[in-house]
Amino acid sequence: MLDNAYKPNSAAIVGLGTKIVNQDDERITSLQLQLYACQNAIRNAGLDRHQIGGVFTCRAPMGFTALEWNMRIVQELKIVPKFTTECTTHGAGTLATMIYAALAVQSGAIDYALCCSGCTGPRWTDIVKVNAGVEADLQFEAPYGPTTPSLYAQWAQRYMHEFDVSPEDLAQVAVENRKWAVEHPDSAMGKKGHITVEDVLASPMIASPIRMLDSSAWFRGGFGTAVIITRADRAKDSVDPIFMTGFGQAATHEWLTERMSLYGVEPAIEPNLTTTAATIASGDAYEMAGLGPKDIDLVQTSVPFTFANMMALEDLGFCEKGEGKHFVRNGGISFEDGLPFNTNGGYLSFGQAPHGMHMAVEAIEQLRGQARGKQVKDPKHALAHFHGGPLAAHSAVIFSNRDAL
Amino acid sequence: MKQMDWANGMPLMVGDIQIGHAEPSPETVGYWDGIREGKLKIKSCTECGKPHHPRRILCFHCGGDTFEWFEISGHATVFSFSTIHRAPSEEFKGELPYTVGIVELREGIHIFSRIAAPEGREPEIGEAVQLEFRTTGDWGMMPAFVAE
Numbered sequence: 000m001l002d003n004a005y006k007p008n009s010a011a012i013v014g015l016g017t018k019i020v021n022q023d024d025e026r027i028t029s030l031q032l033q034l035y036a037c038q039n040a041i042r043n044a045g046l047d048r049h050q051i052g053g054v055f056t057c058r059a060p061m062g063f064t065a066l067e068w069n070m071r072i073v074q075e076l077k078i079v080p081k082f083t084t085e086c087t088t089h090g091a092g093t094l095a096t097m098i099y100a101a102l103a104v105q106s107g108a109i110d111y112a113l114c115c116s117g118c119t120g121p122r123w124t125d126i127v128k129v130n131a132g133v134e135a136d137l138q139f140e141a142p143y144g145p146t147t148p149s150l151y152a153q154w155a156q157r158y159m160h161e162f163d164v165s166p167e168d169l170a171q172v173a174v175e176n177r178k179w180a181v182e183h184p185d186s187a188m189g190k191k192g193h194i195t196v197e198d199v200l201a202s203p204m205i206a207s208p209i210r211m212l213d214s215s216a217w218f219r220g221g222f223g224t225a226v227i228i229t230r231a232d233r234a235k236d237s238v239d240p241i242f243m244t245g246f247g248q249a250a251t252h253e254w255l256t257e258r259m260s261l262y263g264v265e266p267a268i269e270p271n272l273t274t275t276a277a278t279i280a281s282g283d284a285y286e287m288a289g290l291g292p293k294d295i296d297l298v299q300t301s302v303p304f305t306f307a308n309m310m311a312l313e314d315l316g317f318c319e320k321g322e323g324k325h326f327v328r329n330g331g332i333s334f335e336d337g338l339p340f341n342t343n344g345g346y347l348s349f350g351q352a353p354h355g356m357h358m359a360v361e362a363i364e365q366l367r368g369q370a371r372g373k374q375v376k377d378p379k380h381a382l383a384h385f386h387g388g389p390l391a392a393h394s395a396v397i398f399s400n401r402d403a404l
Numbered sequence: 000m001k002q003m004d005w006a007n008g009m010p011l012m013v014g015d016i017q018i019g020h021a022e023p024s025p026e027t028v029g030y031w032d033g034i035r036e037g038k039l040k041i042k043s044c045t046e047c048g049k050p051h052h053p054r055r056i057l058c059f060h061c062g063g064d065t066f067e068w069f070e071i072s073g074h075a076t077v078f079s080f081s082t083i084h085r086a087p088s089e090e091f092k093g094e095l096p097y098t099v100g101i102v103e104l105r106e107g108i109h110i111f112s113r114i115a116a117p118e119g120r121e122p123e124i125g126e127a128v129q130l131e132f133r134t135t136g137d138w139g140m141m142p143a144f145v146a147e
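In order, the protein sequence lines correspond to chains A and B. When you line the first sequence up against numbering that gives the first Met the number 0, it's residues 0 to 404, in that order. When you line the second sequence up against numbering that gives the first Met the number 0, it's residues 0 to 147, in that order.
If you're looking for bench data, these hints aren't it; they were derived computationally from the structure. One thing to keep in mind: the hints can contain errors.
Said to hold, decoys possible - Here are some of the chain A residues that sit facing chain B, going by a computed Cβ distance under 7 Å:
hint: 1; residue: Pro-142
hint: 2; residue: Gln-156
hint: 3; residue: Arg-157
hint: 4; residue: Ile-205
Claimed, not checked - Calculated cross-link-like contacts (lysine to aspartate or glutamate; reagent style EDC-like; alpha-carbon spacing at most 20 Å):
hint: 5; chain 1: A; residue 1: Lys-128; chain 2: B; residue 2: Glu-22
hint: 6; chain 1: B; residue 1: Lys-92; chain 2: A; residue 2: Asp-283
hint: 7; chain 1: B; residue 1: Lys-40; chain 2: A; residue 2: Asp-136
Quick caveat: nothing in here was measured; it's all calculated off a predicted structure. The beta-carbon is built from N, C-alpha and C at its ideal position, and this holds for glycine as well.
Chain A with its partners taken away, still in its complex shape (with noise of 0.2 Å):
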């Protein structure tokens, strides 16, 4: 446990800055994409930049081969943090980053951290490709022919098998999922419009049982973000400072099979592909923020499939092991009168944008009553999960706003 190594709100977000470039704009690097979202959160936060004492970032962006990342940021800063390192659990790490910021300030090794991600890999590399060799054990996996889909579904396989879930229980959170990304003008399938069950139902099998409109669609282009974080005591004067209220991580391994040789302790006491390490992270930051699942507003989660999703609601404690089904057939996501979830289309329908903070970035404009598409009504608390690897790692993150301290 974590809850006597932090204080509730005791950090807070006084900075955000973002890069967003489509598909159609000039190529620039995953490099580029964050220092530029760099400058902005900088500017944002009215830093001078030298009194940056911590860099925080994700782990090498796919298609940017680079030892260090994170010292690949320091240098074109040109900036001396005391704190500075890659958050390298994949997409887990991303969040992860704010979690190091606010243990790092709050105990005063240094005042102010900036934690950044963003990757422009789809327009570098065949991320397909790139994707499949680090996804799977190239000894023990990717000699058979495996897809990042097909190693997702070996989870979705069982979680059908285990719950009796149905094809039509999941697509019903693609569904939803995409009404929100209709509102929001910077998702790539909004445009595309509604879908419904049955379109989800007749889009072509990927990997069974994942078929294409149960899965992530890519946002081609790229979206970078950085943010500031500080002591509380130094928000006072910020705007809209966000407030970390509660945070929490586990992990449990790199390659699919090898989370099957794990058991005897949470989240494996018995061998399993149907609960994840969200239980763990989630389960922590409820503890540290005093709060649980009932005093969420908005959940943003940056799983890539329908399935997923559903797993998340019951691990990140919306609804009992096995009822994520029950939840959504009752409208438990329902965009109209449900738990805001994924607002602004998720990964299934704003799209993948990796490394997964759009998914932060969103929470945050909610907390702060700027959403760019729909605006939940009065959000105090936001719960942000991020994972990475095949449901591998995970991090969680509660932000909550003025209005709820």
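Chain A is already provided as a structure; the job is to place chain B on it using the hints.
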């Protein structure tokens, strides 16, 4: 069979400059030796005797760090699977659709492999399967598990 030198790993080259070294793994040599002989071998800990996936370097039961290779019985059940309709690369396109999955060996270890069911159907979770070597991509004969 693909020429992969797993014992020594593979240098990652950009022109004449080496930027890394991929997957040196002397701990899996016994597995690949077995594959060449048409045998699927896994490890057992020489301290406590418990079976392990061929990757293991440390025994997570007793902390032992030495292992012996042994050939499996070939009996397994399907734990999970997925039939792939879009290949990851040209190498596998000619085999579409094909099924990959996790099987639980009678020895208690889970491994990833190809799973084949009779024409026209997918395997089922819990179904009994038997080891048989089959060609995958450019890898030559690799372990697969076949349903009745």
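Quiz prompt | Residue hint Pro-142 (chain A), partner chain B, criterion CB-CB below 7 Å | solution = Since chain B brings a Cβ to about 4 Å from Pro-142 (chain A), closer than 7 Å, the hint holds.
Quiz item: Is the Cα-Cα distance between Lys-128 (chain A) and Glu-22 (chain B) 20 Å or less?
Solution: holds (18 Å)
Practice problem: Have a go at the Ile-205 (chain A) hint: is there a Cβ in chain B nearer than 7 Å to its own Cβ? | Solution: holds (5 Å)
Quiz item: When you check the alpha-carbon spacing of Lys-40 (chain B) and Asp-136 (chain A), does it fall within 20 Å?
Solution: Satisfied, since the Cα-Cα distance of roughly 17 Å is no more than 20 Å.
Quiz item: Can the restraint linking Lys-92 (chain B) and Asp-283 (chain A) be considered satisfied, given a maximum Cα separation of 20 Å?
Solution: violated (44 Å)
Practice problem: With chain B as the partner, please determine if Arg-157 (chain A) meets the hint condition of a C-beta pair closer than 7 Å. | Solution: With a minimum Cβ separation of about 5 Å from chain B (threshold 7 Å), the hint on Arg-157 (chain A) holds.
Practice problem: Let me know if the C-beta of Gln-156 (chain A) comes in closer than 7 Å to any C-beta of chain B, holds or violated. | Solution: holds (5 Å)
Going through the hint list in order, the structure does not satisfy hint 6, though it satisfies all others.
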